[in-house]
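Guided by the hints, dock chain A onto chain L, whose structure is given.
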Amino acid sequence: MARHCETFDHTADVGLDARGDSLGELLEALAEGLCDVVCPRRGVRGADACTVTATAEDVEALAVDFLSEVLWAVQTDHFAVASVRVIAASETSVQAELTGEAYDPDRHEILTEVKAVTYHELRVAREGGGWTGRVILDL
Amino acid sequence: MARTFEGKIEQIDESRWRIPRITQPGMRVDGVIYASSALIADVITGGGPAQVANVATLPGIVVASMAMPDIHWGYGFPIGGVAATDIAEGGVVSPGGVGYDINCGVRLLRTDLSAPDVRTHVKGLVDQLFRDIPVGVGVGGPFRFAGSDMRRLLGEGARFLVARGMADETDLAATESGGCLAGADPDAVSPRAMERGADQCGTLGAGNHFIEVQHVDEVYDETAAEALGLQAGQVTVMIHTGSRGLGHQVCSDHIKSLRSAPGKYGISLPDRQLVCAPVDSCEGRRYLGAMRAAANFAWANRQLLAGQVRKSLRRFFGGRGRKVKLAQIYDVAHNIAKIEMHEVGGRRRELCVHRKGATRAFGPGHPELPEHLRPLGQPVLIPGDMGTASYVLLGTARAMAATFGSTCHGAGRVMSRKQAIQKARGRSIDKELASVGVIARARGRTGLAEEQPDAYKDVDAVVDCVAAAGISKKVARLKPMGVIKG
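Those protein sequence lines, which keep their order, are chains L and A. In our numbering, each number is its position in the first sequence, counted from 1, plus 226. In our numbering, each number is its position in the second sequence, counted from 1, plus 113.
The shape of chain L in the complex, shown without the other chains (with noise of 0.2 Å):
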């Protein structure tokens, strides 16, 4: 089971549903889906990078806190990612470095404004093996 995100419908909003072999795959999977989300990845070179770091109290808030940094990257400081590698990730920390590019919006598409990543029905756990997640963002 490879790392995979897809985007599920929710009546104002849109949601991330996502599965890895690891949990770092899974927040790997969910950050390339929120970006695809807000700006599309396809087309992003991978000429600079940042790291992004959060910690929580558990597995679940730790998704939204990461998320939330990979968030303000792209929409505040407006750096386009190609791709989201975590480093290290345990059950309350994740240290993960963004590659991509500062925007341009002659190059890149900004499709929607996330307005956060919310806890509403969220799911962080270990199946079959491997870890699956759901997010609903809040559009």
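For the record, the hints were derived by calculation from the structure and aren't laboratory data. Glycine included, every Cβ here is placed at the ideal spot set by N, Cα and C. Warning: the hint list may mix true and false statements.
From the derived model, a few chain A residues whose C-beta atoms are all more than 12 Å from chain L [stated by the list, open to error]:
{"#": "1", "residue": "R427"}
{"#": "2", "residue": "L489"}
{"#": "3", "residue": "E545"}
Computed beta-carbon distance windows for the label pairs [claimed, not checked]:
{"#": "4", "chain 1": "L", "residue 1": "G356", "chain 2": "A", "residue 2": "K236", "range": "49 to 59 Å"}
{"#": "5", "chain 1": "L", "residue 1": "T279", "chain 2": "A", "residue 2": "C395", "range": "24 to 34 Å"}
{"#": "6", "chain 1": "A", "residue 1": "D300", "chain 2": "L", "residue 2": "D303", "range": "44 to 54 Å"}
{"#": "7", "chain 1": "A", "residue 1": "A514", "chain 2": "L", "residue 2": "Q321", "range": "30 to 40 Å"}
{"#": "8", "chain 1": "L", "residue 1": "G272", "chain 2": "A", "residue 2": "D300", "range": "36 to 46 Å"}
{"#": "9", "chain 1": "A", "residue 1": "K236", "chain 2": "L", "residue 2": "R333", "range": "23 to 33 Å"}
{"#": "10", "chain 1": "L", "residue 1": "D284", "chain 2": "A", "residue 2": "D393", "range": "22 to 32 Å"}
{"#": "11", "chain 1": "L", "residue 1": "G269", "chain 2": "A", "residue 2": "R427", "range": "35 to 45 Å"}
{"#": "12", "chain 1": "L", "residue 1": "R333", "chain 2": "A", "residue 2": "S150", "range": "46 to 56 Å"}
{"#": "13", "chain 1": "A", "residue 1": "G139", "chain 2": "L", "residue 2": "G355", "range": "27 to 37 Å"}
{"#": "14", "chain 1": "A", "residue 1": "K424", "chain 2": "L", "residue 2": "H304", "range": "26 to 36 Å"}
{"#": "15", "chain 1": "L", "residue 1": "T279", "chain 2": "A", "residue 2": "D300", "range": "24 to 34 Å"}
{"#": "16", "chain 1": "A", "residue 1": "E484", "chain 2": "L", "residue 2": "G269", "range": "50 to 60 Å"}
Only chain A this time, still in chain L's reference frame:
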């Protein structure tokens, strides 16, 4: 993805439905949903009722966990939700009961133009607004507020702009809470939130936010319309936006800091998004202080946008030898929590009233209304979707007695954004709108598709329901002529 409610739901009368408190363990009060028989089917399949039941478990909640007829599935609270908690009884405040777009709301300006004056110029006028007004994702505006200016803006709201010549007392009098909630605490707003909002005051944003040129299509109450300066055929401009990235960040920050509060205060929650703390606790006070600051930012935002609308219209019609006068009818919040006094069980109580996708609708004589509106009741502004209509309503005594002075806030979505985009494939939404007389401009590729009229409930049915229930009175219907969106 929304799921059908399988719990018990029983009809109370023609416009109300009850979810009895025995439906779900932990419910402290009943759920009450305002909906007509025609609207209830969409409500039941829309996922909102389960959230109404969840909200009924919040400590200190009084009377009922309520929802307006524009109810749809949100996160934590339903959109269209109204919940009041008794502060003296350990009542809580929940950021999920306000939402991420704190003080998202609506401002309505009236002009001295008539529909025929504008009809032949709509395209040019919409292009002018689209050029002049910052719209779209991450688009900054001409104003930048930082340091002590940002702190003052968060503390004073639209009032901060008076000394700068960008607001006057008549605008403030025609704004809910005078455009400034007392008790705002800029220290509870993180540097990140201030950074996110620094260049966003005076910008429209994206999503369902818009500025719309409209005309008064129908007047239901001549006396009230005249008192508000409205008449059939008159052109109005509606602004729908909120506190932008600053408000989103305030909500995210405080939900995070409240994560440990339910454990600390022994509160058991059915959904983590309902995280909360007693109003009378350091966590509750801190959130309310930050939320008020974000609400003030939103009022300043709509004030600056109204200023830009005025300039745009004057520039456009000035170039055609026509002077245009604009005056503010009112400005309402529809995502907010406020401390208000209401009569419950025969005595006045201090409540924390959450309105999540619901509008305050104070009735005639309420002391919080400015003198010119007190005999009428508070104007309630209901933005519709681009293809149909918006409404001006008034608050009523019945709303004071039944819903803590609250009513609906819009049409309410029935179609997800993804479904709407799929349904728009192969179609040209802007051409469809033009064929019904509405000129639309949007920055984003999917904005018009996501917000197409079919994505929403029938706003006429929603408004007729609150009018039939007596919690609002219809004054006028406004039809769109042109709209700009993110």
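Right, here's what the structure says about each hint:
no.: 1; hint: R427; in the structure: 30 Å, holds
no.: 2; hint: L489; in the structure: 32 Å, holds
no.: 3; hint: E545; in the structure: 22 Å, holds
no.: 4; hint: G356/L x K236/A: 49 to 59 Å; in the structure: 55 Å, holds
no.: 5; hint: T279/L x C395/A: 24 to 34 Å; in the structure: 28 Å, holds
no.: 6; hint: D300/A x D303/L: 44 to 54 Å; in the structure: 25 Å, violated
no.: 7; hint: A514/A x Q321/L: 30 to 40 Å; in the structure: 56 Å, violated
no.: 8; hint: G272/L x D300/A: 36 to 46 Å; in the structure: 40 Å, holds
no.: 9; hint: K236/A x R333/L: 23 to 33 Å; in the structure: 31 Å, holds
no.: 10; hint: D284/L x D393/A: 22 to 32 Å; in the structure: 28 Å, holds
no.: 11; hint: G269/L x R427/A: 35 to 45 Å; in the structure: 42 Å, holds
no.: 12; hint: R333/L x S150/A: 46 to 56 Å; in the structure: 53 Å, holds
no.: 13; hint: G139/A x G355/L: 27 to 37 Å; in the structure: 35 Å, holds
no.: 14; hint: K424/A x H304/L: 26 to 36 Å; in the structure: 28 Å, holds
no.: 15; hint: T279/L x D300/A: 24 to 34 Å; in the structure: 26 Å, holds
no.: 16; hint: E484/A x G269/L: 50 to 60 Å; in the structure: 59 Å, holds
The structure shown violates the earlier hints numbered 6 and 7.
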